[in-house]
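Engineer: Sequence:
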Amino acid sequence: MKDPKIIIIGKNSYIGGYFTKYLGGNIARALSLSSKDCNFLKAGEVSNFFKSFSNEASPTIVFFAGISRLVENSFNSYKDNLEIVNNLIECAKLTNARSIIYFSSVDVYGSKPSLPLTERSPVNPDTWYGLAKASCESMLMSLGEVKCPVTILRIPGIYGAAPNDRSVIKKIVSAIKNDKRVVIKGSGKQRRDYVYITDICRLIQLLIPGQLHGIINVATGTSCTIIDIANLVGAIGAVEFETIYEAADAGRDFDLLFDTAYLNSAVPNFRFTELEVGIRSYFRPDNQIAGGELT
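Reading the sequence shown from the start, the letters are residues 1 to 295 in our numbering.
For the record, the hints were derived by calculation from the structure and aren't laboratory data.
Be aware that a few hints might be false.
[To be verified] With a straight-line cut-off of 30 Å between C-alpha atoms, the simulated DSS-like cross-links for lysine-lysine are:
#  : residue 1 : residue 2
1  : K51       : K11
2  : K147      : K51
3  : K11       : K189
4  : K36       : K21
5  : K171      : K189
6  : K185      : K36
7  : K21       : K93
8  : K51       : K79
9  : K93       : K180
10 : K147      : K42
[Stated by the list, open to error] Computed spacing ranges between beta-carbons, pair by pair:
#  : residue 1 : residue 2 : range
11 : P209      : K36       : 26 to 34 Å
12 : E240      : F270      : 34 to 42 Å
13 : N124      : S54       : 26 to 34 Å
14 : G237      : S58       : 46 to 54 Å
15 : R191      : R271      : 18 to 26 Å
The beta carbon of each residue, even a glycine, is placed where N, CA and C say it ideally should be.
Work the whole structure out from these sequences, hints included.
Structural biologist: Listed below in structure tokens is the structure:
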């Protein structure tokens, strides 16, 4: 193919796979890559793959690749995540990237953030994963290595039926549908702000032309407790279920609330899908969103 306009890196990830299918034929010359196509843990592979691109390629790179905390949260995964972004920087140089959209996490704020969170809130990671994301942000934004605009998207949690969905909401839906019971860590009163996966894709499409250089907390601005989410799932599915309470996970026993003023100014009039509407996607007859399924 001709030099692509958009390069999606991490096509087998939850969001990356969904975004690839979401784009479909909407944007010509989009190239979607998995680690089998080009492993960003290997500098040689990255160099060999992208050195054939012309200097006029100038694509937008949408970068989903990385080691999730759900897969591994250790010093080794920290080092791997930094190596992955180091090779992203090399990729940007080889392709003369027009812009980069990088997926980070609200884990950079740590487990005791002052609320509500804004993009100016102090970064205080207390896990290897959060530290990796904070370090990767600095590599992309602060060290002068990247010459194009970089949009950092800090994600609080995504849900929606699609392959590789490991979301809290998917787990709650599966437990209630299949087992008629749900296990809640702690009181269940921890507040979270979950974003529907289609909304993320819509947001990316709107951000690509703008080449915004900066950080955005991607959040709806409406936080719900875990127990309220479970009750909403039960009501939508018309399922009576048992609630079992277990000891809280100290590392996740906190609230997340966001001031979304900056997001609203960056993407005016953007409207998020209501939580109830998003959860109903798991109960559709085909359980599908862009090819995803609930198993």
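Engineer: A separate judgement is required for each hint: does it hold in the structure or not?
Structural biologist: Hints, one by one, checked against the model:
no., hint, result
1, K51 / K11, "holds (21 Å)"
2, K147 / K51, "holds (18 Å)"
3, K11 / K189, "violated (34 Å)"
4, K36 / K21, "holds (18 Å)"
5, K171 / K189, "holds (17 Å)"
6, K185 / K36, "violated (37 Å)"
7, K21 / K93, "holds (27 Å)"
8, K51 / K79, "holds (25 Å)"
9, K93 / K180, "violated (52 Å)"
10, K147 / K42, "holds (22 Å)"
11, P209 / K36: 26 to 34 Å, "holds (30 Å)"
12, E240 / F270: 34 to 42 Å, "holds (37 Å)"
13, N124 / S54: 26 to 34 Å, "violated (43 Å)"
14, G237 / S58: 46 to 54 Å, "holds (48 Å)"
15, R191 / R271: 18 to 26 Å, "holds (21 Å)"
Hints 3, 6, 9 and 13, counting from the list given before, are not met by this structure.
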